[in-house]
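*Asks:* For reference, the chains in residue letters:
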Amino acid sequence: MTKAINLTLKVWRQQSPNSKGRLETYEANNISKDMSFLEMLDVINEQLTLEGKEPIAFDHDCREGICGQCGSVINGRPHGPEKGTTLCQLHMRHFADGDTLVIEPFRARAFKVIKDLAVDRSPLDKIVQAGGYISMNTGGAPDGNAIPISQETAEKAMDAAACIGCGACVAACPNASAMLFVSAKVSHMGLLPQGRPEAAKRALAMVRIMDELCFGNCSNERECEAECPKEISIVNIARLNREFMKAGVFSEHD
Amino acid sequence: MRLDAKIPAGPLAEKWDKHRFELKLVNPANKRKFTIIVVGTGLAGGSASATLAELGYNVKTFCIQDSPRRAHSIAAQGGINAAKNYQNDGDSIWRLFYDTVKGGDFRAREANVYRLAQVSNNIIDQCVAQGVPFAREYGGTLANRSFGGAQVSRTFYARGQTGQQLLLGAYSALSRQIAAGKVEMFARREMLDLVVIDGKARGIIVRNLVTGEMESHAADAVVLCTGGYGNAFFLSTNAMASNVTAAYRAYKRGAMFANPCFTQIHPTCIPVHGTYQSKLTLMSESLRNDGRVWVPKNPGDTRPPHQIPESERDYYLERKYPSFGNLVPRDVASRNAKEQCDSGKGVGETALAVYLDFKDAIDRDGRDVIEKKYGNLFQMYEKITGEDPYQVPMMIYPAVHYTMGGLWVDYNLMSTLDGLFVLGEANFSDHGANRLGASALMQGLADGYFVIPYTIGGYLAGTSLPDVTADHPAFTSTAAEVNSRIGKLLSIQGKRTVDDFHRHLGQIMWDYCGMARNNAGLEKARTMIRELRAEFWENVLVPGTGNDFNQSLERAGRVADFLEFSELMIVDALARQESCGGHFNEAYQTEENEALRDDENYCHVAAWNYTGVDSEPEFFKEPLVFENVELTQRSYK
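Residue numbers (my numbering), protein chains in the order written: chain A, 1 to 254; chain B, 1 to 637.
Keep in mind that the hints were calculated from the coordinates and are not lab data.
These numbers come from a predicted model, not from an experiment.
Every residue gets a Cβ at the ideal spot worked out from N, C-alpha and C, and that includes glycine.
Among these hints, one or two may not hold up.
As the list claims (entries may be wrong) - Short derived list, chain A residues pointing at chain B, Cβ under 7 Å:
1. MET35
2. LYS115
3. ILE134
Model the full assembly from the supplied sequences, consistent with the hints where possible.
*Replies:* As structure tokens, then:
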């Protein structure tokens, strides 16, 4: 088995948010199969730099699949073809010699392209600011063991809390909805007793701001779950819907 | 100038209480008159921003990532220590304090470490209240596991994603304050200089990484929470953007840098694969709870692991350290791995790896149990290496992970520059010469949630601070300096890329200032770094312009600072003629190859004052006084 492969890359290049973008073709030769996808882009960027061209801009930071800063669409799939994998953890051994890869930024009405593959995902922060927290000032917390939480509940909350906020769910959704993202936060906090007092208010506020920020609605396509690098389940969306309905019917919040 | 650590008098256990009482308070109505800048949104910066805003201060927070949720604290896997003693296994504040001082090879301040142990319990309570989904026992109580350097089970965890969950807790508290209008958040900004007026830190110059604009921000105090400098080695477990620039700029403006040579090499990382490698990935130390480290007994044995019979394996940590076994502290585990590989017993393609084997644990507890504990780590390992650790042993090798050195701070976490506070990994204060596992999260949150809110009040209440705005001439002149440097970087248009220089620097540092050091090598490295730095300013190639999103330019500025800062690391390593913790000078070792301290001459913090790029930094000494623990040769046998 050969350890190196040759690929053709078609990469989205866009100088600035308001300029017109286009796909540029690059040959990626002698790419080691042990490389990560981003290391492959590093190699291309080194070549471009030495050729006097501008390297491809792309967001990334931890390169171990947890910070949520990386992400592009590879042949139509956010974070590429491997299940449950961020782009930085996608390795070139999953591609074959001679493959052509189309690399584009996450596309959504709510995410503006900044440059090339880098997009502005700050609307996700705005959703959290609307209610993705438990209102608890520092100091005065009761003992950590004061509220017993069953292992099962803690595990479910953790499943939801594993979201890395990368936005792949939005990029995958035909409606560019952020429902999976919102539901993960609403579930994580709503499942825990500490988060119950604000559960109704949280669900209403986060859904409302999501709408305001031009994210689309959920129409049960399940693309988000399929592409989520942390495999967040759409069970969370069911929980969000329940929480939202309950809040709408029973709560005094409007 | 004498370094005054401002450690309160009185018995150790009463110092913090007494100090909190003696610190001046800012009246609640007056808090809103003060503006505080916080740089960085990791555990320290996120928790500090949220807490200061809750108290009523106006906070301006900055981060280089696209969101304050992404700082590299997020990558911490294993857990966070606290002296809760929920396990009834003999833990106490005193024991956590003692383990930390001993783990740091007696090069940390007693008073700071004791305070850290004291507030550790509040951190757990705070995080639980915020909704951090810590692991639980069946009965619903918090679960613990054990970690390196301790014989009690005091580590709280959220699967293998503890750092992520704690950071999301701080981020949610921060988000709440942003919504309340008490924190103004500036993401995608990089601090490129500190503005000092009348000897006090009064603001920062940041570059907007999207537009390239230079922005000036004034404040009454500046809090740096900008992390460590492990990327001086190019390859490390740090995030790609982790850098020393903010701390180094502060150093150049008069804040002293302490113990820069204290770097931690983490024993369990995925080995290097090739020259294109951009970073190294840590496998949580918690794996050493169940994994057994071994190499073949015979050098050059290239058989696959399952063909090597038990009798021809050397479980060298269990053999050499029967009481701690695979759970010896990180520096000891790392040096032992290097020693095995140096003697030709390394495994894998590069022979720069040792095995971490789970076969016995899987046979004993079943695959399910192991999967529950470490599933995500095993998955990560398989993704990166293409090998299944349930079937074949993991291969691991040490990698640069954490930096114990940092800007010098007193007991109030204030640097030698008035009004400049430094928290978390960016300061030097709590871990001595080696940090124990699960202690970084504890320190970042202790500083941000429970220390700075008190100590910064003492400073603000007791200092006369004339009004300063961002149009003060000091801002204009500092911004001009920053701009001219950026212009210079772009104008060189040489032949070598930024990454090429960075990789070269990293190799020099790893070879001569890594796990083992000697004077000749350090001297040689110093010359090499000076030459490389000179070449950088003649021959670096930075594409693009300064007026937009230019990641090469961002990196160029960081590498330029690493090229100066790494020389300071070497200077510090040469000045410390002893071995301690992560600083291992080959000339100073015991008969069993352990680090040999020289308490008579080096029981101090080395603090360095900047005098110019090519001139010797000025050395200042803060003697370490141990009144409560006895200095012993660390033994984990």
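*Asks:* Among the hints numbered above, which are violated by the structure, and what are their numbers in rising order?
*Replies:* none
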